[in-house]
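J.: Taking the hints into account, I'd like the entire structure generated from these sequences.
Here the protein sequences come in this chain order: A and B. Residue numbers are given in our numbering: position 178 of the first sequence equals residue 178, and the series is strictly consecutive. Residue numbers are given in our numbering: position 48 of the second sequence equals residue 48, and the series is strictly consecutive.
None of the hints are false.
If you want the ones that stay clear, here's a sample from chain B, every Cβ over 12 Å from chain A, calculated:
1) 94
2) 101
3) 104
4) 105
5) 112
6) 113
7) 152
8) 161
Below are the DSBU-like pairs computed for lysine-lysine, each with C-alpha atoms no more than 35 Å apart in a straight line:
9) B/130 with A/324
10) B/87 with A/76
11) A/145 with B/164
12) B/164 with A/324
None of these hints come from the bench; they were simulated from the model. From the three backbone atoms N, C-alpha and C, an ideal C-beta is built for every residue, glycine too.
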Amino acid sequence: MPIWVYILASVIKSAIVLVVLLTAVAYTVWLERKVVGHMQNRWGPTRVGPFGLLQPAADGIKFLFKEDLTPPHVYKPLFLAAPLIAVIFALTSIAVIPFGNSIQLFGYSFPLQITDVNTGLLLILGVTSIGVYGVALAGWSSNNKYSLLGGLRASAQMVSYEISLGLSLVGVLIMSGSFSLRDIVYAQQGHFWGFIPRWNIFHGQFIGFFCYLMAAYAETNRIPFDLPEAETELVAGYHTEYSAMKFAMFFMAEYANMITVACLATLLFFGGWNGPLFGPPILQALLPVFWFAAKIFGFLFLYIWVRGTLPRFRYDQLMSFGWKFLLPLSLMNLIATAIAVAW
Amino acid sequence: MINIHLILFLAFGAVCVAGAINLLAQTHPINSALSLIAVMAALAGEYLLLGAEFVAAVQVIVYAGAIMVLFVFTIMLLNAGVEERTKGSRVAVLFGIPGMLLGSILVAWVVLRHSGTEAVVAGALPGAPKTIGPLLFHEFLLPFEITSILILIAIMGAVVLASKPPSAPARKGD
Chain A
1 MPIWVYILAS
11 VIKSAIVLVV
21 LLTAVAYTVW
31 LERKVVGHMQ
41 NRWGPTRVGP
51 FGLLQPAADG
61 IKFLFKEDLT
71 PPHVYKPLFL
81 AAPLIAVIFA
91 LTSIAVIPFG
101 NSIQLFGYSF
111 PLQITDVNTG
121 LLLILGVTSI
131 GVYGVALAGW
141 SSNNKYSLLG
151 GLRASAQMVS
161 YEISLGLSLV
171 GVLIMSGSFS
181 LRDIVYAQQG
191 HFWGFIPRWN
201 IFHGQFIGFF
211 CYLMAAYAET
221 NRIPFDLPEA
231 ETELVAGYHT
241 EYSAMKFAMF
251 FMAEYANMIT
261 VACLATLLFF
271 GGWNGPLFGP
281 PILQALLPVF
291 WFAAKIFGFL
301 FLYIWVRGTL
311 PRFRYDQLMS
321 FGWKFLLPLS
331 LMNLIATAIA
341 VAW
Chain B
1 MINIHLILFL
11 AFGAVCVAGA
21 INLLAQTHPI
31 NSALSLIAVM
41 AALAGEYLLL
51 GAEFVAAVQV
61 IVYAGAIMVL
71 FVFTIMLLNA
81 GVEERTKGSR
91 VAVLFGIPGM
101 LLGSILVAWV
111 VLRHSGTEAV
121 VAGALPGAPK
131 TIGPLLFHEF
141 LLPFEITSIL
151 ILIAIMGAVV
161 LASKPPSAPA
171 RKGD
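T.: What follows is the structure, given as C-alpha cells:
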C-alpha cells in the first residue's frame, strides 16, 4: 500500500485506540466504584446521570478545574515529570496489542492493531519496566517521608515481581514459538476433542497463568499488593503530594496498566479474540473484537472482585511470597513446559 | 527511504551524546542517573535501527529498566546530596578533558584510517530472537553457562556481605 495510506491508517488507528482506552479507563473507575459499592452494601455513584454513568465526566471536569498545587519543598523538574512518565508509558504499551483479525477496506488489508512488532511481548515488558520510574521519582521528588517510602516500596515490589512475571510468560513463548502477540493468538486456534478451546490455559499453562496473574497484580500495585499506597500506613504513598490533573495522571496510569495486564492475560492465556463465530458476515467480522473485549471485561471485574474481597499483605509477606513462592513456582512451570514441549 | 534511517540514527546519536554530557555536567546524582537512562534508551534505538530487535529489547529491560532502577533506588535510599567541588575534582577537570579529547582523536583517527571499508548492511547480522537463541544455546553454550555461574557467585557474595555475622547473637531491643 502507498506510504500515505499507511501513515493515515496508523494515525486513525492510534486515535481510535487512544480514545477507546481512555474511555475504558474512565469507565473502569466507575465500574470499580459501583461494584465495590454493591459489595459493601452501598449504592456507589448514583447522582450524576442514570446509574451514575456520567460520574467519570464529572470527575474529569473536577480534575481539570481544581487548583494545581505544587508544594514548596519538592524537586520541581522531577515532580512535574513523574506523572508524565507514568501515564506516557502506561499508554504506550497498548500500541502493540492486537484486538482482532485484519479487516478489508478500499482494497487494502488493515490489521486491527496499531503496529505489529515481531518482538511485541518484549516491547511491553520493556515499557513496563521503564514505567517504574514514574512512581519511584514521584516518591523521591515529593520530599515527603510517606511519599519516599511509597516510592521505594513500589520500585522494590515491581523489580521483584517483574522476574516472576517474565518467567511465567516464557512457558507461553515456548508453546507458540514467537514473541509476536498476533502469532501467539494464532497458535491458540482450534479445539481439543471438538469443544474445549485450544487456549493456553487449557493447554497446560494453568500454573503459568496463576503466576502471571499474581505478578501482574503486584506490578499494577493493586490490592492485595497495594503497599506503595497503603493508606493506613503511608497516607497515600507516592502520590500524597499530588493534586488535580497530576494526581489524575497517576490514576489514569494505574487503570491503563490494569487494562494492559488484562489484554496480555487474554492474548497469552485465553486465546485472544478466538471464540465462537456465527451469523451474517458483518457479525462474523465484529464478533472477534467482542470476544476480546468481553474477556478483558472479565479480567477487570476480577480485579475489582479481588479488591472487594482480600485484605492487604504485610510488606515482609509480600517479599517472601514473591521470592520464595512465586519465583520457584514459575521456574518449575518453565522447566515442566520445556520438557513437555521437547518430548 | 534510506534517509529516514540516517535521520533516526543521527537523532538517537544526538540524544546519546547529549545524555552522556549531561551525565557529567549534572551535580545531583539522581539527574546523572536519569541521563544515563536516556543514553541507554537511545542506544536501544540504535540497536533497533541495525535490526537487532532482541538486543534492543534486552537493553531496555535489563539496563534501563532493572539495573538503573536499582541505581535510582540506592540514590533515593541514601538521600545523596549535591556533589561537592573539591580540589580533586578540579584536577580531574584539568587532566580529564585533555585526556578525553586525546582519546576521541585517537578513536577518530583509527576509524578514519579504515574509512574505505564497506559498512554493515542493516539486518545483515543475526538480530532476531530466532537466530540468537540457537547461537546462545548451541554455539556459545559454555561461555553462557560460565557467565551465569559468575553471576551466581556474585549473588552469593552479596548475600554473604549483606547478612549479619552468625556469631553475634541479636541483642534485646534490636
